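Trainee: Model the full assembly from the supplied sequences, consistent with the hints where possible.
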Amino acid sequence: MLPRPIAIPLTPQRGGCHLHPRRDAACPLDSDLHARGGGALDTSWPTPTGATSSRPDDTVCALCWALSARYVEGQSQTGQLRVDASPQNARKIPDKMFGIFFEEINHAGAGGLWAELVSNRGNEKQTLTSTPVSDIGCVYRLVTEAGTLYLIKLPSSKKTPASDKALTKLFPGFEAGGPNTPSNIDPWLIIGDESSIIVGTDRTSCFTRNPIALRMEVLCDSKRTNACPSGGVGVYNPGYWGMNIEKGKVYKVSMHIRSSDAVSLTVSLTSSDGRQKLAAHTITGSKKSFAKWTKIEFNLKSRQNNTNSRLQLTTSKSGVIWLDQVSVMPLDTYMGHGFRKDLSLMLANLKPQFLKFPGGNYAMGNYLRNAFRWSETVGPWEERPGHFNDAWGYWTDDGLGFLEFLQLAEDLGASPVWVVNDGASLNEEVSTATIASLVKDVVDGIEFARGGPKTPWGSVRAAMGHPEPFKLDYVSIGNQECWMLYYRGNYQKFYSAIKAAYPEVNIISSCDRSTISPSNPADLYDVHVYTSSSNMFSRTSMFDNTARSAPKAIVSEYAVIGSDAGKGTLVAALAEAAFLIGLERNSDVVEMASCAPLFVNDNDRRWSPDAIVFNSWQHYGCPNYWMLHFFKDSSGAALHPTTIQISDYDQLVASAITLQNGKDKSSYLRIKVVNFGNRAVDLNMSVVGLANGIKNSRSKQTVLTSSSPLDENSFQQPEKVVPVSSPLANVKPQMGVSVRPYSLTSFDLLLEASKHASI
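If you're matching positions, the sequence shown starts at 1 in UniProt numbering and goes up one per residue.
Accuracy of the hints is not assured; some may be wrong.
Said to hold, decoys possible - Only pairs whose alpha carbons sit at most 16 Å apart, straight line, appear in this in silico EDC-like list of lysine to aspartate or glutamate:
(1) Lys-287 x Asp-261
(2) Lys-317 x Glu-217
(3) Lys-96 x Asp-523
Claimed, not checked - What follows is a set of in silico ranges between Cβ atoms, one per label pair, in the way DEER data are often shown:
(4) Lys-695 x Leu-331: 40 to 48 Å
(5) Gly-489 x His-337: 35 to 43 Å
(6) Ser-517 x His-337: 40 to 48 Å
(7) Gln-75 x Ala-691: 34 to 42 Å
(8) Gly-465 x Asn-696: 34 to 42 Å
Hints in this document: simulated from the structure, not taken from any laboratory. Here the structure is a predicted model, which is why all the values come from computation and not from measurement. Every residue, glycine too, gets a C-beta built ideally from N, C-alpha and C.
Mentor: Written out as structure tokens, the structure reads:
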């Protein structure tokens, strides 16, 4: 049996999970802890595609690892691994044990998982309660009755209560330069010079909450005296570091147009320099047709491939054209719901049992005015005001909103876990005396997700195309703000209101277990762990001494950070694998677990390491992503006791589960072994207590390792560190196996028909 290190208790610290912790200076020899907020077995290893990260220049640490490996070159250890597979000693792992946590960080959503190709940021402030009684946008009218604001959707007369909070709002569209016009139109750029076109902004949009429109005054025309340049003049949008346009794929284009004269506007997808034309459509109409704002939608089918494309809007006809809410979306998205297909499949292949969203600091904001507000993210995309993601420094148009997160969870077969703002940002707090409106807002949000189609907020969801309620069973109150002055008082307000309306919803506290009591109840408590690889490895025993009574923990954020983490190294993945084995073993007191962060756009790294790296057209999984595949069948499986006996070597941890193949119902015994050290180990593996035997056929071993513990994947070498499977021969209850240095190995043994495939 391996000696167990003493667990160091977690202490919630300022900023929850998203304050950037200290980076360790050298090798992972410290114990710092940063807490912040093939075959019939359906466990195949997806082939990695896409293709980054290069290891940071950390010579000291690299030398440490190199010397360590060379010192024991050729040496090996021997030991015993015993698995008690008897049904009576098995324990079921929770059904939702392993899931994923999505945060809008590193352009994970905007310019990433959300497939919208047009990028346009803005930050205009407006107070809703100052809006006059008048027509609002193209479809709403705002009225005030007895001091309450209502939205009336035209042409009906049905009233919906508007937000009663005079919160600052930020707007998408062409609001990049703020509320004063003319203004900056970044990232849009102009085609033509000032003798042929003048481009600016004004406040004439039909969307009152998004009032800024782009104004193009075209001075040239098709006449010889003042002819426009070849191809015309106009504007273009480069997308998020280039649009990936694929041959034969169809893209839906949507925009709102108004004009002072007849219109002839060509909409094109082109190369980044505009020379290669991939697809084009010309919008034409009389002066009368576009005298008022008109929504135009059409599809473009690309004739060629280009990974660095742009959207162009050009004309050779003089006059003034106004544009607003320009969108380009590929029709081929995951489940048809607007998610980038390749990235979504990376998530689906993990078989996540829950999806926690929309983030940690993203949900809080550096300031409350920039926190994620669910009610501002529902309804038609054009009418969503969007907000500035001040936690990570970029604009989000909230196309990826509350319904979209719920839809993604449903599409993945995962349970949604909603992180709600508890009245706190990194720099502000709402007192308990004034928290009632935010509490009501959260209860309304639960109604939006769970309510019937005839409830006030359920009807909004139904109008968006999802009449059936979502199964929202988990709500997390805040993001590790237990240390803040008003958190506990505010938490009790949220808890009481949610339980009164939805007693079956599980509520997650940001406080640690020691604070939970009958007067401060919780169904689960949130734990975040960010630390070095050596310390993470030691945390396999973190929950060994936890009291076996409720509540249980959700370890919703964990990651190796520091000098040996790089942009995603093998050694970091192995340390996290050992930690997860500890969570499996302690799954009677740990209910759920997910890593963080999940995604990074390689053009905007705000945090490293991350599980999945992408750009506009490529992607790859880091070693910790591939490590998660070893655990994707653990949720709901039967856990068996394991013991290891080995002399003078404490770098091995192991676990064993019996899992059932969802396709043919065959059962497998999966034994996982992490070797966190630099010595190969020969194990005499003994399985006792089996009700039935082990088949010789269709058993296999899968190994995650590489030539160096600091190896990483990259766009150039996306498969440098990936799992490799091979058949296992002469499989029997007692057999010799070998595990390589710095490796994660699973032995999947096909069982004869067994009565304890699941418990």
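Trainee: Next, verify each hint and record whether it holds.
Mentor: Outcome of the hint check:
The hinted pair formed by Lys-287 and Asp-261 meets the criterion: a straight-line CA distance of about 4 Å does not exceed 16 Å. Proximity of Lys-317 to Glu-217 is assessed by CA-CA distance (about 10 Å); at most 16 Å being required, the pair is judged to hold. In summary, the hint linking Lys-96 to Asp-523 is supported, as the alpha carbons are separated by about 15 Å, within the 16 Å threshold. Our hint of 40 to 48 Å for Lys-695 and Leu-331 holds, since their Cβ atoms are close to 46 Å apart.
Range check, Gly-489 to His-337: Cβ separation about 39 Å, and the 35 to 43 Å hint holds. A beta carbon spacing of about 42 Å between Ser-517 and His-337 agrees with the range 40 to 48 Å that was offered as a hint. Gln-75 and Ala-691 have their C-beta atoms about 39 Å apart, which keeps the hinted 34 to 42 Å range intact. Distance hint for Gly-465 and Asn-696: a CB-CB separation of about 52 Å, inconsistent with the stated range 34 to 42 Å.
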